[in-house]
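K.L.:
Line by line, the protein sequences are chains Z and W.
So in the numbering used here, the last one in the first sequence is 760, and the numbering has no gaps at all.
So in the numbering used here, the last one in the second sequence is 170, and the numbering has no gaps at all.
Treat the hints with care, since some could be wrong.
[Claimed, not checked] Within a straight-line C-alpha distance of at most 16 Å, the following computed EDC-like cross-link-like pairs (lysine to aspartate or glutamate) qualify: (1) Z:K42 x W:E107; (2) Z:K697 x W:E137; (3) Z:K317 x Z:E389; (4) Z:K4 x Z:D27.
I should point out that these hints are in silico values taken from the structure, not numbers from a laboratory.
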Amino acid sequence: MNIKVVRTKAEIEGRIIEATALVEGRDLAPWGTDSGLAIVGKGHPRVDGIARVTGRAQYTQDLYLPGMLHVRVLRSPYPRARVRRVDASRALALPGVRGVLHRFNAPKAAFRGEETIFRDEVRFVGDEVAALAADTEETAADAVRLIDVDYELLPFVADLEEAMRDDATRLTEKGNVTESGTYERGDTKRAFAEASVVVEATYRTSTQLHNSLETHGAVARWDGDLLTVWESTQHVFGVRAGLQAALKIPYSDIRVLCDYMGGGFGSKGGAGKYTIVASIFARQLGKPVRCFLTRDEENLAAGNRSATYQTVKIAAKGKRIHAIEHLSWSNSGQGRWVADPTGPTNGLYDIPHVRTRSYKVVTSLGALSAFRAPGYVEGTFALDQAIDELADRIGEDPLALRRRHAALQTDPVTGMRYSLKRLLACYDIGAKEIGWQHRKPEGTRGSAPHRRRGYGMASQLWGGSGFPPAYATVHLNPDGTAVLRCGTQDIGTGTRTVLAQLVAEELGLALGDVRVELGDTSSQYAPISAGSLTVSSVGPAVRLAAKDARMQLLDAASGLLEVGATELRVERGAIVSTGRRTQIGEVLGQIENYTVIGKGSRFPNPEDISLKTFGAHFAQVEVDVRTGEVFVEHIVAVHDIGRVINPLTAASQVEGGVIQGLGFVLSEERVVDRPTGRVLNGNLEGYKVPTIRDVPKITVRFIDDPDTKANNIGAKGLGEPPIIPLPAAIANAVANAIGVRVRTAPITRQRVLEALELRP
Amino acid sequence: MGRVPKASSYIGPGAVDVALEVNGDGVSVHVPPHRTLLDTLRETLGLTGAKRVCDEGMCGACTVLLDGEPVYSCMTLAVACAGHSVETVEGLSKDTNLHLIQEAFIEHDAFQCGFCTPGQIMSCVALLKRNAAPTGEDVLRAVSGNLCRCGAYPNIVAAALSAAKKQARR
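Can you build the whole structure from these sequences, using the hints too?
P.N.:
Written out as structure tokens, the structure is:
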């Protein structure tokens, strides 16, 4: 066997990780621009479209198993307290209640570095205190209120900037603030001293709540020793690993499934406490158990994008950016990690002197989780505004200033050459589409006397290279149809469709003859659907699996048709040789019930090259100076992500990223009552996600240029790029319109009016 | 919003039999008076197309038609539907023939995760029932009560307008 173990480094969400993977055979040469692709690169409607529009698509929430019990969780009403006593006797006396778990009776279950899922000290409003299983959801909801808990209240701090103060309540022995990232190049101290202009500013971003429409949840069932868990997740293998760690059972006894899922945006990366609770109850009570969060719980205990406090000092020497210092503090709540908002500052622009620090701040609030480009959205909001502020001060067009720092073909952080970087082309297209020539340094008149118009733009840097391990198998049936099996999941990005296109292209089948089966740990491993890495990690493995199936098919056909294998090819479902077409089914059908199984694995990325995605967003806005309302008129989003496999679904991704970015910068803000630590708007009324009326004209453009150095399909990731530059582009357009800058997201009417009053 | 029938004759306290029409079929369900139409459709009748997202009338993912008018089924009691007709996304397509709106949603990629899609589709179906030639503004109004977190909004508008044009040609 021609099997090799490879060790490789790769980037996920700004962090470098080491990966070990097994590869088989040789990688394929990448498809070039002249490969004559028939299916890849075309805007095919989604292969699962019918399931999704008919209501037949089954989401985890739609699973109702016979005899299934329902769980409700009792959550702490206090931001920090010791749980001294739990008395569930009144709850257990209610007819239909089947069990209660809490810190005094729950079995040990390791969870994210702790030994139990019910802490003795609860650390935020919404922390799990107890869980209750009942015959119906209504009974569970009623009964959970009858659990009596004796709390000893402890001091807390429920605000980022309060927690940063020296005299703040210390939530850990080491204090509340820890350094989480540091980077330097050049000599910023000297550079600021010799600069001609220095601008300093403070930027703030608010906590953004994911509000995936399907809340976090799982259904667990035991059949003897075998635990089956259905979960709304971005990573079935991550859930499996979480269950193994918590329950100490072997992988062979765990199967995790996720067919359709209703949004995650980074927050559904592995097993949750609900998964473990459902599994423990299911084992104890001998019935299937469902544990789903309500909307309010979702907004307390299922993750969020950290609020940030950032300071930027930026200097010019002549008409160039000479130095930048960026310090950032992120509210991680009770999270164990934190994203790095300084990533774009380190790597996006060619600036000679750079110094950045990022800090994790612990507060008595729910843990952060990854949220679509964690850190990069917040960091770009500060960085790209600071660049505009500097441009204003030196009397330079902000786009012209960026151009001087965007041409570099070498990654300033690693010193390695980029495989492909077309950022300047993104600028050219964006400027043309938005009509950048209409921008005036002092803004322009709007469509009414009380409205001002402005233009702004910002750039995007992200990884998205993908990496091993990822594996796939293609099962070619005797009738010429195929099934792709892969452990990845389609979280709404169109993965099923894109992978079906890759199989059909490589194997020579019609798209309709390929079925895609995902979201099952019975398949081979695939990585988490996050970090813009699914297509670029899984896609190349899928193509290799299809190629392996094709080669086996041709070998079989060669024997049966008595033609040399090299003289045969597969084309639209038929084996073709000189002057002869034979349907695959006619060939394979001669062998009774034989399924060709092609295997594929993801090969490592080249080691001496930097693989990144780039882009730029341009915004045209109007601001009503009487009310402070921002009207977004037009967004142009241009992205450089290598080959676009499916322009239809890719454009949808970009529109979705833009709209989530609009929410971040204009309306979305978790509001916490500082004296009680309670979230005041953990619902879809008080927390403002964009509605259809908030959507402007959006123009989407791609630099559709295959990155042949990246992998065998030439594609990089697109999930995160389209949210990254949008908030900064809007902020810059607002500042251009009204001549004063709002440095806090979201840019609400109140903040605009406050800024206008401060105008000199 | 649709006319919601009075429930006075069905007040509990225990579960009662309620006869209604769902997707053209007469059905009888045995439900407590506080049970919502949404939970009745999903748990009692196995029609899980309508989704439970907020359960308090803020998102529109549970939208179904009651006597042809769109309602939030999480804000509608099952007992209030006695003698009335309910249409869900499952009732739109006959055999393999999709409704015009469903076809247009696929063609225009008007969904990503798809969780809000049944609600969006029912709001659009209601629009096309009462307005044969809707404008873009009409579409915005019709689906302004349906949240989509993936941001498929531009394609939803395109799909609704395209379906309306096709309907006009038929």
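K.L.:
With reference to the structure, classify each hint as holding or not holding.
P.N.:
Do the hints match the structure? See the list:
Between Z:K42 and W:E107 the CA atoms are separated by roughly 13 Å; this keeps the pair inside 16 Å, and the hint holds. Taking the CA atoms of Z:K697 and W:E137, the gap is near 14 Å; set against the 16 Å cutoff, the hint holds. About 15 Å separates the Cα atoms of Z:K317 and Z:E389, which keeps this hinted pair within 16 Å; it holds. The suggested pairing of Z:K4 with Z:D27 holds, with an alpha-carbon distance near 12 Å, which does not exceed 16 Å.
Hint compliance for this structure: no hint is broken.
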